[in-house]
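S.K.: Here is what each chain is made of, one letter per residue.
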Amino acid sequence: MAERGIDPSEEKKSYGSVFLIGSALLVAMTLWAFWDDNITRRPWKGFQRQFFRLDYDKAKAAYDEENKKLQADPNYQELSKKLADARASLNGGPLGDKLETLEEQEERADIRFKELDQEVKFIKSELEEAWYEHDHAVQQRRDARPYLEHIRELEKEQAQLEPKLEAARAERDRLRAEIKKIHASAKEIEAELAKLAAERDKWQRVMDNVTINLGPLSMYKIPKIQQVVMDEFDRNRFDQPIARVDRCQTCHIAINRAGFEDAPQPFRTHPRREVLLADNAHPPEKFGCTGCHEGQGVAVNSVAQAHGEVHLWEYPLLRGAKVQSSCTSCHLDVQKLEDAPLLAEGQRLFEQVGCTGCHLVQGYENIPKVGPSLRRISAKLDPSWMVRWIENPHKFRPRTRMPNFEFKQEEALAIAAYLWSLSKDDGEAWLQNHPMPAGFRQGNGADSARGKKLVESIGCKGCHGFTEGEFSTPLGKNKDLVPNLKDIGAKTNARWLYHWIKNPRDFSPETKMPSLRLTDDEAAAITSYLMTLGSKGEPIQGIEEKLADANNIKRGEALVRKYGCFGCHDIEGMEKESRIGVELTTFGSKTLEELFFGNRTDIKRTWDDWTFNKIKTPRIYATERVEQIMPQFNLADEDIHALRVVLGGFRERKVGQRYLAKRDDRVVDVVEGRRLMQQYNCVGCHEIENRGGFVKKYYENPASAPPPLNGEGEKVQSDWLFSFLKAPFPLRPWLEIRMPTFGFSDEHANQLVRYFNGLSKVEIPFAHFDEKSVPRENLEAARILVSPEYFNCYSCHQQGDKKPEGPQEGWAPDLTLARERLKPDWIIKWLRDPQKVQPGTKMPSFFPGGPDNILGGKDDKQIEALRDYLMALGDGAGRPPQAPLAPGKPRLAGR
Amino acid sequence: MGKFGMFVLAAGLLALPAGAAAQYAGGDVKDGGSISGTVKFKGTAPAPKKLDINKDKEVCGKTPKVDQSLVVKDGNLANAVVMITDIKKGKKVETKKVVLDQEGCEYKPHVLAFPAGSTVEIRNPDGILHNVHSYSKVNTPFNLAQPKFKKTMDVKIEKPEAIEVKCDVHGWMQGWLVAAPNPYFAVTDTSGNFKLTDVPPGTYNVEVWHEKLGKINQKVTVKAKEDAKVNFEMAGK
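Going down the list, the protein sequences come from chains A and B. Counting from 648, one number per residue, gives the positions in the first sequence under the numbering used here. Counting from 2, one number per residue, gives the positions in the second sequence under the numbering used here.
Warning: the hint list may mix true and false statements.
What the hints assert, rightly or not - Chain A is faced by these chain B residues, among others (derived, beta-carbon under 8 angstroms):
#, residue
1, T45
2, N55
3, K56
4, D57
5, I129
6, L130
7, N132
8, P142
9, N144
10, L145
11, A146
12, K151
13, D169
14, V170
15, G172
Read the hints as simulated data drawn from the structure, not as lab findings. Just so you know, even glycine gets a beta-carbon here, dropped at the ideal spot from N, CA and C.
Using the sequences plus the hints, can you model the full thing?
M.R.: Structural data, given as structure tokens:
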């Protein structure tokens, strides 16, 4: 009878097959889980194994190679044979027997020693106990005598044992020494062999490093995640420091190991590893990889994930030169970074092309306007030329920094009318006060020829070009920092030009153009020459009326405001206008959602592509409804790449203090001073920080070019440099090129002095030299040394008013200036090896090789004596005349 | 302190032709031939410029001086250096001391040729300050003062190069040190003649170098114990 609720047929039913399938599935799932977890999601294991093999094979090959060399080395063969002989003689023969006996004896002696030692130790502890009992009894006022007797007994026993112990020790040591002596020869040979085989055995260690050896079994190491934790590298949204974790070296395992420079990725050595990953630079155990390269440091499950080149990861790997963007995160002074040339170039472009006129960026707020002031513009320009220039400046001067706003002619006219109206009164007043000099002869061939000669010799070419494609300081690939004057005659008039070159600051107080201290005659000649370059274009019909038209003026003002002309130019009444472009301080961290692609479908959706196309064709993303007004700069693609590197570095990132490069006062001095130096284009003539001196290319003889200023801070006294910058004078009589008078403000002159001091790491800018403490002996010796009988210094050097014989080209600086100008320590360095301080200098080396009969023939003493002599030379009031070159001096007037 | 400082010139960075010296192996030459001939100047040479002796006249201005940078006599070119550029094996290189004299403020000889690795003894018999400023690119440049008391000084030129030397004290002084990559070189005499001896039989590239006229090359085949005659003609630029 069937029980209720129980179905017998159900009881008899077999679920075996279900369980079987279930367990089979479970097993399969488990296996799959293992597979997935260990293989599919851990591609890095494969990479590591691959690397171990690579490393092992490479080491093995190197080992075999070295081994072959070693085996062929007769020295090695001989030593190996000696070693084998030594070992063989130990294993048999009389020496072997002796060794065996000795070893047996040593064993017995050792046992004997240890037994005795044990006994002594026991007695010593019994003594301890006895003393305890004794002291205890004394403290309890019992009779302590029996204990004392026991102690004496024990002490006697110890005294008997101790000499025996010493004898046993001596015997054992003697035997040991003898055994060692027998082994010694073999040991020595072994050491020598190891020395010979060091190069080979190094590779053995490399092989051992990637393998695990279990007896006869050998296999590759088990792959392991390689992880770097960079504490406090990042900051979270709440501005709290957080760590960053990098696992890049799990696959890029040889990144900091030499020898894999040509290995396939991911196993290649870091380029310039010895510099970039050095302990004083970016050791990977401190800086990780993503600090510079970005990517998703913790990810190891696929290459794309690890490199962060996946959807929604905001910081994909910076490939190629783009990595230079990251330097800005920690380095304030990026121009000195040898390995970030594109960043340095980009930064110069960014500062000098005029980006900061419209765009605010933190750290670049105080860059002065790059264009000329437009006050009094009416005194300077041909009005028709001005209209055409505004319409499209690239047509007249393709390499100008001024961008093309693609104005229609009536728009250009309106802007010109507005600017003209602002400057007319002022311009006319200025002209009234600056009449054309009486002696000026327009179109006089002789004057022009003289002017041309002057332009080519006195330094105009340090900044300006005068023929097609001529320039001194490059600004990117196809821009000029300073205008090329090959068509200057089309633009301006002789009267303005004459007064401008004579004293640029008189016309425009803020200009960077310096005065070359021209005489009236020189200025007239140069003006005459410049006016032969280019000729006036066809005047625009009725230009005067059009410029005076009130409607035009009104429209012009609106256009000037809209396009932000005041970003680059000083315009009356618009001094306080703010920049019209967007702020770029965090532009590098912009996500795709924040970038407006307009209706463009042909541009790849990446930050890189957006930025490149924006700079290349600034209005590319405009649509019918969205106007864009950024003008066209016509930059070369290389320059856009460089700018993009800079823009990429404008990031919202606060790196932890410990990762930052030095940014103390000196670094700030250098960065700011360099910026100023570049604005004044000092590098046009002088080589500074091993860059520049571009005017050199016009000189066959390097000694005729301006002096390089590498190490200037170490060389000259700070107060001298300051006053020289304020009022330069001809220091090197053989140079035709002149150091111009820039009219630096005290602030700027100070900043430049700090810059040179900062570059030379001058700790103490002012140093006193006490000439009273100079030994007489030194002065007397030096006087002999400088005389014609010895070094004959005044054969070339001036001494105050005493000029050397021969032509001026062969002269050298006035030595009476040294006490005011040069640092005493620098003089020593200079005299030791002038070529080292300034390669190519005319100053020959007198040392080593000073005369034997002065100051004991010691070079160092002679150099010191010369230093003392120079610092004491002259009367101290010998500061040279600061007046400009007097007119009519034969050298200048004759040219 | 040695009176005659020895300045060993360390390796320059631009070691381009230096490889040539490393490649050359000297030894004994049996049945060597020779190359001889004349270097001519094509066209009419300009009259040599008189040098303006404007300093230390009592020492330097004793005899009138003319510019030595282009010396042509009857159409024959002096001071040209003839050398075999592509020889790998031949006679031994003898790096003996050669002498550059500055007597009367003039480099004598005007062109001094020697195998690379030689030491040049620079003499100053004038009793005034000279300096020897080298404009080298392959070897390390030097600029050594030679005051009155330093009658001689030694300079070692390690690598093959034609080096211009000048004196900054006396602007007109100019000359050449030519360090050859092998022992097969000769400077043409005033008749433009030269001779290279003990040349192993073979075909070689012979180069003529002149400071003003540049270089010309010609293939020359040398037979055992015979003299290969070859003439060159250089034209003004």
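S.K.: All hints are to be evaluated individually against the structure, with a verdict given for each.
M.R.: Hint by hint, here is what the structure shows:
At its closest, the beta carbon of T45(B) sits 26 angstroms from a beta carbon of chain A; the interface hint therefore is violated under the 8 angstroms criterion. The interface hint given for N55(B) is met, as the beta carbon of that residue sits about 5 angstroms from the closest beta carbon of chain A, less than 8 angstroms. A cut of 8 angstroms between beta carbons decides the hint on K56(B): the least distance to chain A is about 3 angstroms, and the hint holds. Of the supplied interface hints, the one on D57(B) holds, with its beta-carbon coming within about 7 angstroms of a beta-carbon of chain A, less than 8 angstroms.
For I129(B), the interface hint holds, since its Cβ comes within 8 angstroms of a Cβ in chain A; the closest pair sits about 7 angstroms apart. Checking L130(B) against chain A by beta carbon gives a least distance of about 4 angstroms; that is within 8 angstroms, so the hint holds. With a cut of 8 angstroms, the hint placing N132(B) at the interface with chain A holds, because the nearest CB-to-CB distance is about 4 angstroms. Checking P142(B) against chain A: minimum C-beta separation of about 7 angstroms stays under 8 angstroms; hint holds.
The interface hint given for N144(B) holds, since its Cβ lies 5 angstroms from the closest Cβ of chain A, which is under the 8 angstroms cut-off. Hint status for L145(B): holds, given a least beta-carbon distance of 6 angstroms to chain A, under 8 angstroms. Because the smallest distance between the Cβ of A146(B) and any Cβ of chain A comes to about 4 angstroms, under 8 angstroms, the interface hint for this residue holds. At about 7 angstroms, the closest approach between the beta carbon of K151(B) and any beta carbon in chain A falls short of 8 angstroms, and the interface hint on this residue holds.
Checking D169(B) against chain A by beta carbon gives a least distance of about 4 angstroms; that is within 8 angstroms, so the hint holds. The beta carbon of V170(B) comes within 6 angstroms of a beta carbon in chain A, closer than 8 angstroms, and the hint placing it at the interface holds. The beta carbon of G172(B) is positioned within 8 angstroms of a beta carbon in chain A (closest approach about 5 angstroms), and the interface hint is therefore held.
Of the numbered hints given earlier, the model fails hint 1 alone.
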